[in-house]
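The residues making up each chain are set out below.
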Amino acid sequence: MSTKIAVRNLGKSFDTDQGPLQVIDDVSFDVGDGEFVAIVGPSGCGKSTLLHVLAGFDQPDRGTVTIDGSAHLKPSAKGILIPQQGSVFPWLTVQENLMFGLNGQSMREKTELADHYAAIVGLKGFERSYPHELSGGMLKRAELARALVVKPEILYLDEPFSALDALMSLRVRRELRRILDEERHTVVLITHDVEEALDLSDRILVLAPRPTRIQATFKVPFSQPRKLSSPEIQELRDAVLRELGA
Amino acid sequence: MALRKPRDRRSWRALPALAVIAALLAAWWLAVIATRSAIFPTPWQVLTGAFELARDGTLWVDIGASLMRVAVGFGLAVLVAVPAGLWMGWVAGAFETLNPVFQILRPISPIAWIPIAILWFGVGNASPIFLIFMASVFPMVVQTTAGVHTIERRYLWAAENFGVSRATLFTRVVIPAVLPQIIVGMRVGLGVAWLVVVAAEMIALRSGLGYLIIDSRNAGNRYDLVIAGMAIIGLIGLSLDGIMRRLERLRIVRWRYVH
Numbered sequence: 001m002s003t004k005i006a007v008r009n010l011g012k013s014f015d016t017d018q019g020p021l022q023v024i025d026d027v028s029f030d031v032g033d034g035e036f037v038a039i040v041g042p043s044g045c046g047k048s049t050l051l052h053v054l055a056g057f058d059q060p061d062r063g064t065v066t067i068d069g070s071a072h073l074k075p076s077a078k079g080i081l082i083p084q085q086g087s088v089f090p091w092l093t094v095q096e097n098l099m100f101g102l103n104g105q106s107m108r109e110k111t112e113l114a115d116h117y118a119a120i121v122g123l124k125g126f127e128r129s130y131p132h133e134l135s136g137g138m139l140k141r142a143e144l145a146r147a148l149v150v151k152p153e154i155l156y157l158d159e160p161f162s163a164l165d166a167l168m169s170l171r172v173r174r175e176l177r178r179i180l181d182e183e184r185h186t187v188v189l190i191t192h193d194v195e196e197a198l199d200l201s202d203r204i205l206v207l208a209p210r211p212t213r214i215q216a217t218f219k220v221p222f223s224q225p226r227k228l229s230s231p232e233i234q235e236l237r238d239a240v241l242r243e244l245g246a
Numbered sequence: 001m002a003l004r005k006p007r008d009r010r011s012w013r014a015l016p017a018l019a020v021i022a023a024l025l026a027a028w029w030l031a032v033i034a035t036r037s038a039i040f041p042t043p044w045q046v047l048t049g050a051f052e053l054a055r056d057g058t059l060w061v062d063i064g065a066s067l068m069r070v071a072v073g074f075g076l077a078v079l080v081a082v083p084a085g086l087w088m089g090w091v092a093g094a095f096e097t098l099n100p101v102f103q104i105l106r107p108i109s110p111i112a113w114i115p116i117a118i119l120w121f122g123v124g125n126a127s128p129i130f131l132i133f134m135a136s137v138f139p140m141v142v143q144t145t146a147g148v149h150t151i152e153r154r155y156l157w158a159a160e161n162f163g164v165s166r167a168t169l170f171t172r173v174v175i176p177a178v179l180p181q182i183i184v185g186m187r188v189g190l191g192v193a194w195l196v197v198v199a200a201e202m203i204a205l206r207s208g209l210g211y212l213i214i215d216s217r218n219a220g221n222r223y224d225l226v227i228a229g230m231a232i233i234g235l236i237g238l239s240l241d242g243i244m245r246r247l248e249r250l251r252i253v254r255w256r257y258v259h
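Protein chains in written order, with the working numbering: chain A, 1 to 246; chain B, 1 to 259.
If you are wondering where the hints come from, they were derived from the structure by calculation, not from laboratory data. Warning: the hint list may mix true and false statements.
Claimed, not checked - Covered stretches of chain A (in silico footprint by chain B; criterion: 3 or more residues with CB under 8 angstroms from a CB of chain B, positions within the stretch not fixed):
id, segment
1, 89 to 103
2, 127 to 139
Said to hold, decoys possible - Short derived list, chain A residues pointing at chain B, Cβ under 7 angstroms:
id, residue
3, PHE57
4, GLN59
5, LEU73
6, PRO75
7, SER76
8, ALA77
9, ILE80
10, PRO83
Just so you know, even glycine gets a beta-carbon here, dropped at the ideal spot from N, CA and C.
Construct the entire structure; sequences and hints are all you get.
Take a look at the structure:
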């Protein structure tokens, strides 16, 4: 597997009233092409900041992020960020949201593509609905479809299921897994939910509390679909939780 | 038992307000009778006065004159305030340059501009139009600018992530995101414009509802017409606000009011 994202000696601090606050301290890791990497860590450890830097929305104080060997400085449609609170435009319909990032196609092609991806995530029949007319789970699917429709090479997911109830979270996760089996994307998932990471990822990076650095790495060598109650996965879960201090 | 229709429920909800209005009218009527006032009219005299004005056509001419001035002054203010507010909200340099000027001009009462308006524009229509413009432009600029400043970062990031052009970002993200705030500014601006037109017509003009009030007092203490004019100003102001409130129900801005 070739390297898609290479992170080297990344450091990031913020200015506060009490002086500079070191959030990320010397983080280095690689993400392979088509790999699904989950980054877990305690709340407030700088997971989101790390993801924002990877996606190009924040600049590091030191260190580098390269994608396919080139320095990555600005956000682009090559890698789409799905933020924790969601970013589906509330003033556009589902279809208009999905068409938003499409360029270079005719209006008809855009509409067809948007409707196709709406159907893929189970939103057929809701293309003309506004976000406030959708449930939380449907909104997440719309967000996912809007990201997928531009065919990004990388998906940056910032706790995308945290606002959903357990059942809805499981459904959307299954949906995502099914799509990833059909379409090849490199995925970086930020989460505080170890089971979510075990369910979806190929590798788990455990972050230490702030200033964050990589504390441990775990391979998740199980085929999909995974049975989270299996002894092997439970053993791995306990090992990850131990690293998190639980 | 059959469920009561929502419309019926709305009618029932209006009852307390109607009862308060009826009580005030009754108190007014009784006070006039009790004091045997020769000048202050009863509600009935006000109503017949209003019919008198409507019948001879004066009322419609004055309403038309006031509405025309508000439409022009407020319309010009919208044309200036919305682009200026968007610009100031979006371009930091424009905000830093223009905001101090707006903040100094904003607290000046529109009434304080009357002598300047008469000096510059005389006693024709241009004076009240200028005053209405000055009164309504500032709330709309401030509201629009604040609207741009408070657009949630996640929406701007999403647009940036998809690599859309600046023009697309502006037309498909910034303007729709700010539109509810623009409408709030327009509601405030129109309310102020309606207040100001009446004041301006009392001082510098020979037509309009403000002039109707002052002329009714000067030409024989016709307080029945004075109060009729006031009531009509109130009702038209309420209707104008109702029209602006309807804008809040537009599909493109409804998202702002559903949570």
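For each hint, the structure was consulted:
1. 89 to 103: With 7 residues in contact (Cβ-Cβ under 8 angstroms with chain B), the coverage given for the segment 89 to 103 of chain A holds.
2. 127 to 139: holds (count 3)
3. PHE57: It holds, given that the least Cβ distance between PHE57/A and chain B is near 6 angstroms, below 7 angstroms.
4. GLN59: Not OK, violated: GLN59/A not within 7 angstroms of chain B, min 14 angstroms.
5. LEU73: violated, 13 angstroms
6. PRO75: holds, 5 angstroms
7. SER76: holds, 6 angstroms
8. ALA77: Cβ of ALA77/A sits 5 angstroms from chain B, so the hint holds.
9. ILE80: At about 6 angstroms, which falls below the 7 angstroms cut-off, the nearest Cβ of chain B leaves the hint on ILE80/A intact, so it holds.
10. PRO83: Cβ of PRO83/A sits 5 angstroms from chain B, so the hint holds.
Hints 4, 5 from the list above are not met by this structure, while the remaining hints are.
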